[in-house]
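Student: Turn these sequences into a full structure, and let the hints guide you.
So the protein lines, in turn, are chains D and X. Every letter in the first sequence is one number past the one before it in the working numbering, and letter 275, counting from 1, is 264. Every letter in the second sequence is one number past the one before it in the working numbering, and letter 333, counting from 1, is 322.
Read the hints as simulated data drawn from the structure, not as lab findings. C-beta: ideal position from N, C-alpha, C; glycine also. Just so you know, not all the hints are guaranteed correct.
To be verified - Here are the computed distance ranges between Cβ atoms for each label pair:
#	chain 1	residue 1	chain 2	residue 2	range
1	X	S9	D	R28	49 to 55 Å
2	D	R72	X	R131	56 to 62 Å
3	X	S9	D	G13	50 to 56 Å
Here are the chains, one letter per residue:
Protein chains: 2
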Amino acid sequence: MDLNVAVLGATGAVGMELLSLLEGGALPVAGLRCFASERSAGTSVPFRGGTVPVENAERADFAGIDVAFFSAGAERSRRYGPRAAAAGAVVIDNSSAFRMDPDVPLVVPEINAEALAGHRGIVANPNCTTIVALMAVAPLHREAGARSLRVASYQAASGAGARAMAELKEQTSAILAGRPAKAAVFPSPLAFNVIPHIGHFLPDGSTEEERKLRDESRKILSLPGLSVSAICVRVPVLRSHCVACWLGTERPLSAARAREVLAAAEGVKVVDDPGALAYPMPVLATGEGPVIVGRIRVDEADGAGVSFFVAGDQLLKGAALNAVQIAEALLARGLFPRPAGPEHGRGSSGGH
Amino acid sequence: MDLNVAVLGATGAVGMELLSLLEGGALPVAGLRCFASERSAGTSVPFRGGTVPVENAERADFAGIDVAFFSAGAERSRRYGPRAAAAGAVVIDNSSAFRMDPDVPLVVPEINAEALAGHRGIVANPNCTTIVALMAVAPLHREAGARSLRVASYQAASGAGARAMAELKEQTSAILAGRPAKAAVFPSPLAFNVIPHIGHFLPDGSTEEERKLRDESRKILSLPGLSVSAICVRVPVLRSHCVACWLGTERPLSAARAREVLAAAEGVKVVDDPGALAYPMPVLATGEGPVIVGRIRVDEADGAGVSFFVAGDQLLKGAALNAVQIAEALLARGLFPRPAGPEHGRGSSGGH
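Tutor: In structure tokens, the structure reads:
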């Protein structure tokens, strides 16, 4: 079937990647509509040689839309998501609005596509850093059982959107010219600096980003008791996140076996040949679909475990590509339009 | 006593910081001589309004020098260090040449100044990342007993010297202007990138930097069996290293108690007030003597432990300042000139 597709947030960093993937033929697109809040409505975005008008989401009739990609922040997702779903669309939401809702599948297709079966019109796309880390963690978990996960992140400006990427460039130019760097999107200047603060701080001293990494990892891996400790840090990179990971495992895992398991995993590329100076870096991951894993070593400080380094394009696998892959997985499983019937019908409010 | 001081590598990034500290009155300097290999000899460096000629280390007579700061790489330290020590100087060596030599004290004065007592004319200044991490780890170890240490580093260009800092600026300008970035000092372009590769790779898949962090931590803390796992990463920061640390402890340690212990530790500044957006960053650490510690939280995945983030000026506490503090500690302990007598005399070759 060809899909009528909607995009909310088409002019953002993730939205532009989404349109680029759709132009490249990622999904069978019958028609495209773009939505924004009142402020941005009335403009247009280029698509397939023409332009698509940006409609006001507030007054929009979402009827006839099969899949709606939302990437305009949690507040707008909460505002327009349920309405789009009620009109019959499957909303694939890139924000944090619904991720921890037990009725909403939180999906990385290579890891837990089976969770899509229970969807009720909204599917959540996980946090970008979580996706990048779990693409490497999940295959190792299937092999040896995840016991604990420690993550130090190296997150690009793109994770904070297109304005943040522009701000990093402006700050960098200013510093090189001997002028002071101004910060508006970031809490401090990011150019030639690193900032261990992503998202708001929570009462326990963690940031929202660190909490997402913990809670979303547990949900995606179906390991509610997994110990996850994260230190999330913004670095002056424009695009592509990296994570340094220590994964404690239930069963012993050699570096060679971890490498084999990862090499066989879908969506993962092992680049781990120090002799050839081959290891994951943002410049290697940018524009690539698979995440790149390397620096794989055994870490047996507290029982079995491995450490490794992952790089992934935050805008692609960390956001737009994963969202498109969710749509492809729904299509492949016959879950478009969303399942009808007493349990999954549009009017159902029963638990799942 | 006033000291006759020599500097080898005076025009390097660390050498310039050393001269600046000496100009600022860090040590009672009676006289200053500067040395370099034949290629650089004949130039001069500014000092106290005048200039000091750079002498050829190859032909140099080190007689009369009390303390010689070496910061020109391991090869030159191995070449000239024993000669300077034989001439009566105490060599404070910033390279890796002698750090793991059991006859050479490896000293961070706030942590193990007592190791200086056994010196035989050469004292090693530890690796910069190791110093920055251990300044926070050591007080917590004294309080609760270190069991395991995991470190992900965010290392500035300064760690690779003045040429590396210039290269990062050139690469950044090139990328902002749409030109390709060229890498000579770094294995790949560092601008808007991160590189999980510092020092050569070793047969076990670790880098030299990661090995130094393990071996030097064990020696400085006198914990030969300490489990240390490091992932060392270069980031596009000009100066000041950061480390994300997970420290497993023998005894329970609350975040509040860890904060108290660190606040009372010499050379450490606790900046850990998320509500006021206060946490360690390279921009805060640059030019500061103390290392900055924050983001302190409990991590009990594998027993007692804490996680935290540290920023320290790589050129100051990570190198030049620690070297000067070693000289001050030697002076305070009456270990200048180096101890005479059968056990520590110049001609002694006995074990220690």
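Student: Indicate, hint by hint, whether the structure satisfies it.
Tutor: For each hint, the structure was consulted:
In this structure the hint that X/S9 and D/R28 lie 49 to 55 Å apart at CB holds, the actual value being about 52 Å. D/R72 and X/R131 have their C-beta atoms about 59 Å apart, which keeps the hinted 56 to 62 Å range intact. Checked against the hint of 50 to 56 Å, the pair X/S9 and D/G13 passes, with Cβ atoms roughly 55 Å apart.
Of the numbered hints stated above, none is contradicted by the structure.
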